[in-house]
Every structure is written in C-alpha cells, then in structure tokens.
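Read off the chains here:
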Amino acid sequence: MRPITYVRATDTATAVTAVSSDPTSDFLAGGTTEVDLLRQNVMNPRRLVDINDLPLTGIVGTPEGGVRIGALARMSDVAAAPVVRERFPLIAQALELGASPQLRNMASMGGNLLQRVRCSYFRDAESPCNKREPGTGCSAVEGFSRGHAVLGTSEHCIATHPSDVAVALVALDARVHTLGPKGERSYAIDDFFLLPGDAPHREHPMEHGELITEIEVPATPIARHSLYLKVRDRASYEFALVSVAAALSVMDGVIADVRMALGGVATKPWRARRAEDFLIGAATQRNDFAMAARVEMADARPTAMNAFKVELAQRAVVRALDMLCDGNETGAAPGSGSGSPT
Amino acid sequence: MSAPGPTVTQRGAVLAERGPGPVRVRLSVNGAEHTLDIEPRVSLLDALRERLDLTGAKKGCDQGTCGACTVWVDGRRALACLTLAISCEGREVTTVEGLAEEGELHEMQRAFIAEDAFQCGYCTPGQIMSAVALIEEGHAGDDAEIKEWMSGNICRCAAYPNIRAAIRAVRDHT
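In the order they appear, the protein sequences are chains A and B. Just so we're aligned: 232 in the UniProt record's numbering is position 232 of the first sequence, and the numbers increase by one with no gaps anywhere. Just so we're aligned: 137 in the UniProt record's numbering is position 137 of the second sequence, and the numbers increase by one with no gaps anywhere.
Quick caveat, the hints were computed from the structure, so don't treat them as lab data. Mixed in with the good hints, there may be bad ones.
[Claimed, not checked] Taking lysine to any residue pairs in the SDA-like style, the calculated list, with each CA pair at most 25 Å apart, reads:
| hint | chain 1 | residue 1 | chain 2 | residue 2 |
| --- | --- | --- | --- | --- |
| 1 | B | K147 | A | A125 |
| 2 | B | K59 | A | R146 |
| 3 | B | K147 | A | R123 |
| 4 | B | K59 | A | A125 |
| 5 | B | K59 | A | N41 |
| 6 | B | K147 | A | N41 |
Keep in mind it's a predicted model, so treat the numbers as computed, not measured.
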C-alpha cells in the first residue's frame with residue numbers, strides 16, 4: 001500500500017470541493033472495498049477525504065410510501081430499519097444476504113453502489129484488464145470466468161456487478177442523488193450503472209469529486225409483497241452466482257404488476273424488463289414463469305465456464321415467482337440453512 | 001507527490017491534511033487513551049498489534065474475508081484490517097483484551113473454554129468479539145440464525161458446533 005494523506009471532512013460541500021479540486025484525491029466511506037484495493041495497489045489515490053462524519057445517515061420513510069436513504073447509512077442499519085422491512089422487504093433481504101455482519105456494519109449504501117468488481121484479473125493489479133488499465137485487454141474472456149456475466153457483456157469486459165442491494169434498487173426504480181462541483185444532480189438508478197461497452201473503466205456517470213448523497217426509493221405498493229432470492233456456492237457470506245429481486249401483484253389469478261431484476265449474471269444490476277412485459281397479464285403458472293425467464297435470458301452470451309448461469313438464472317426466476325405466489329417470502333435459497341430475514 | 005499541507009476550499013473552510021509521513025493519532029482503546037505516531041495508511045489492526053501490543057485481534061487474511069481481526073468500533077463489530085487507524089479518532093475501539101473485567105473473564109470467554117469452542121485458537125478472539133455482539137444484536141435465536149450471523153468469522157479447525165454451543169450457553173444464561 002502506497003503512502004497516503006488523510007483529511008476528515010465535516011461538511012458535505014467542503015468534502016466535494018476537496019476531492020473535485022484534486023484528481024489524486026478520493027472519498028473514504030466504509031472502506032470495505034477501498035482499503036482492500038489500496039492495499040493491493042489497484043487504487044492509488046494520493047489523498048483520502050474521510051466522509052464518515054458527514055450528516056448523510058438518515059433512513060426516512062416518505063409520506064407517499066417511499067424511503068430516502070442517506071448515502072452514509074450503513075447496510076446493517078438500513079436492513080434493520082422498520083420502514084424498510086415493512087415497505088421494501090426485498091431491500092432488507094438483499095442487504096442481509098450480502099457480505100458479513102461486520103462488513104454490513106461498516107459499508108455505506110453509497111459505497112455499496114460504487115463497490116468495484118470481484119473479477120480476479122481486475123483485483124490482482126497485474127493482469128491485463130480494461131477496467132483497471134484501459135486498452136490492455138480482458139483476461140477473463142479467455143480466462144477463468146465461472147463467476148462472470150452473461151448479460152450486458154462486451155469483448156472488453158465481462159465482470160459481474162457484485163452488489164445485491166443494487167439489484168433490489170434497480171427493480172424499484174430508485175433514484176441516486178449526488179452533489180458535485182456543478183451542484184446537485186439526480187440519476188435514475190438504471191442510468192447510474194453503465195454497461196462496459198468499449199469503456200469498461202467508466203462504471204457510472206458521475207464526474208470526479210461528485211458524491212452520492214442519498215438514494216431515494218419511490219413508493220411502490222407491490223414491493224410489500226417482494227423477495228430477494230440469492231443462489232451461491234455456499235450458504236452465507238458469498239457473492240451471488242444468480243440472484244432475483246422480485247415484487248408481484250396478483251388479481252384473480254392473473255399477474256397485475258411485477259418488478260424484477262437479476263444479480264450475479266450481468267455487468268450491471270439487470271432490470272428484467274422483458275420478463276416483466278411478458279408476465280403482466282399472464283397467469284400465475286410455472287409455464288408462464290419459465291417462458292418469461294427464457295425471454296429475459298435469450299440474449300445471454302456465456303463463456304464455456306459460466307454457461308450454467310443461463311439455466312440457473314431461469315430456474316431462479318421461476319423459483320422466486322413460485323415463492324411469491326406461495327407466500328413464502330424469504331430470500332435465502334431453500335436448504336441453505338440461512339437465517340430468515342422476516 | 002505534492003507537498004502535504006492544509007487544503008483551503010472554495011467555502012473557505014480549512015481541512016487539515018495529515019501525512020503521508022507519521023502523524024500523531026489519538027486512539028481510545030478499551031477505555032484507555034493512547035497517542036501514537038503512525039502513517040495515515042496504517043490499519044487499525046496493525047496499530048493495535050504492532051504499536052499498542054494488543055495482539056488479541058489476529059491478522060488472518062488482511063483483506064476482510066476471515067473475521068480474525070474482528071473488534072468493536074463504537075460498540076459495533078467491525079474488521080480492523082479494513083479500517084484505517086486514523087479514521088478511529090474520536091471513536092471507541094474495543095478489543096478482546098477489553099472484555100474481561102477486574103481480572104475476571106467475560107462469560108463468553110468462559111463459555112468458549114467450557115464448551116471447547118476452539119482448537120488452534122487463532123480465530124477465537126474474533127469469534128468471541130462477534131459472539132458477544134451477536135447476542136446483544138438479538139441474532140442468536142436459533143442455530144440457523146447463529147450460523148448466518150456468525151458467518152463472517154471463519155474457523156479453519158471447524159470448531160463451529162462448539163462455538164454455537166458456547167453462544168447458546170451464554171444466550172440461555174443471559
């Protein structure tokens with residue numbers, strides 16, 4: 001780890017000015033990704049501006065039925081907040097199925113959205129990697145790619161977006177509010193995550209020094225009937241191979257409304273709009289669920305090592321919808337032995 | 001590398017920039033105030049072990065995956081390896097050395113001994129710091145919940161059944 005200087009910010013505008021005025025400065029929030037990548041020399045800022053004292057920790061339900069989550073609210077506090085558990089169970093479940101209790105106490109919500117990929121070629125600080133060193137090539141395309149993406153990939157990058165809660169937030173049409181050198185901005189969350197295309201080093205539309213201040217989740221009545229299903233190599237403390245965030249509203253045996261997004265399979269948290277379009281007006285039958293899943297995964301471009309994800313994702317979609325129809329709304333995969341966030 | 005110094009922002013506020021060389025850092029650990037000269041890049045784990053001789057928190061992976069370095073920061077369990085020591089100024093750090101009171105082991109420490117909840121013992125301080133927090137958080141309801149909420153602490157010797165037994169014993173006694 002290279003030497004760094006340290007500044008602790010006490011107000012948000014000063015923090016933004018400090019980082020935006022210096023290309024070699026970065027914000028420091030929970031540090032759970034950043035300190036790790038500093039130590040690996042994957043990130044090399046000269047100076048860290050510690051924002052942990054900024055007043056951005058609120059978790060407030062809106063009168064309309066949504067929730068506003070401060071960027072520095074910790075994952076554990078958001079998951080435990082009664083207003084989140086009541087209105088948005090898929091958010092609470094996605095958070096509690098991610099990382100470990102210690103990491104959830106540390107990691108901020110803004111940092112969660114901005115966490116870097118788990119691709120081992122990105123993190124080893126020496127393999128060719130277009131995300132870390134643009135133009136050097138992608139080692140994963142021909143390399144070890146079992147955990148990599150099958151949707152939203154390009155020849156330049158196939159790294160999976162690692163966040164769980166971002167998948168739930170994408171399903172809910174959340175908005176990301178920021179403060180930057182040019183003032184306040186707001187992004188639809190689906191526009192906040194960029195596909196790799198030919199510039200995989202650009203992961204979000206913010207400019208240097210722009211800081212996430214708040215995540216706004218709009219009122220979504222069907223989210224009270226929702227879940228986050230996570231499928232992974234071990235029962236806990238592991239990234240998703242496939243995950244499904246889903247909310248469902250059924251009237252007279254017909255799907256009146258549905259929200260769905262997929263994690264673990266794409267280069268960004270993947271809103272499953274094709275599946276949603278197929279499902280609205282469909283009957284609550286497995287055949288329809290399976291067809292919706294197949295439609296969503298039709299454009300998948302797997303490698304030899306991750307081809308299993310195409311089938312696994314379809315099965316996970318069917319299971320998530322089955323569970324919602326059965327009233328079984330805990331997101332831990334059956335048989336995982338996980339605690340059930342109720 | 002530009003020279004360190006105060007940063008004057010557009011608002012006129014001055015943020016004191018510290019480092020990259022050793023700077024004076026005040027840490028409150030187990031109720032005692034310490035002043036040490038460390039670089040800003042030094043982790044809380046290294047500061048505890050190498051500078052304060054508090055070697056209870058262990059360095060297993062040093063990348064946030066094993067939990068051997070678990071301590072409490074402001075009463076919440078956290079990973080000392082992914083925490084910069086300088087960021088803990090103004091916060092209260094508790095390590096396994098801070099659990100015993102007046103020479104008497106914490107009841108979780110006694111339960112780990114009684115239930116034989118370790119073999120090599122390397123992960124044990126982290127396990128104990130997580131286990132005490134787990135009960136205070138209210139996440140020790142049944143074995144499935146204990147497993148899930150202790151999953152951030154890896155035990156290479158796989159003493160997990162005995163660790164759960166120690167947690168159950170303290171839970172049921174509390």
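Structure-based check of each hint:
1. For the hint pairing K147 of chain B with A125 of chain A, the CA-to-CA distance comes to about 34 Å; that exceeds 25 Å, so the pair is violated.
2. Of the pairs offered as hints, the one joining K59 of chain B and R146 of chain A is violated, with about 29 Å between alpha carbons and a cut-off of 25 Å exceeded.
3. At most 25 Å may separate the alpha-carbon atoms for a hinted pair to count; K147 of chain B and R123 of chain A exceed this at roughly 29 Å.
4. For the hint linking K59 of chain B to A125 of chain A, the alpha-carbon distance of about 22 Å falls within 25 Å, and the restraint holds.
5. In summary, the hint linking K59 of chain B to N41 of chain A is supported, as the alpha carbons are separated by about 19 Å, within the 25 Å threshold.
6. Between K147 of chain B and N41 of chain A, the direct Cα distance comes to roughly 34 Å. Violation of the 25 Å bound is thereby established for this hinted pair.
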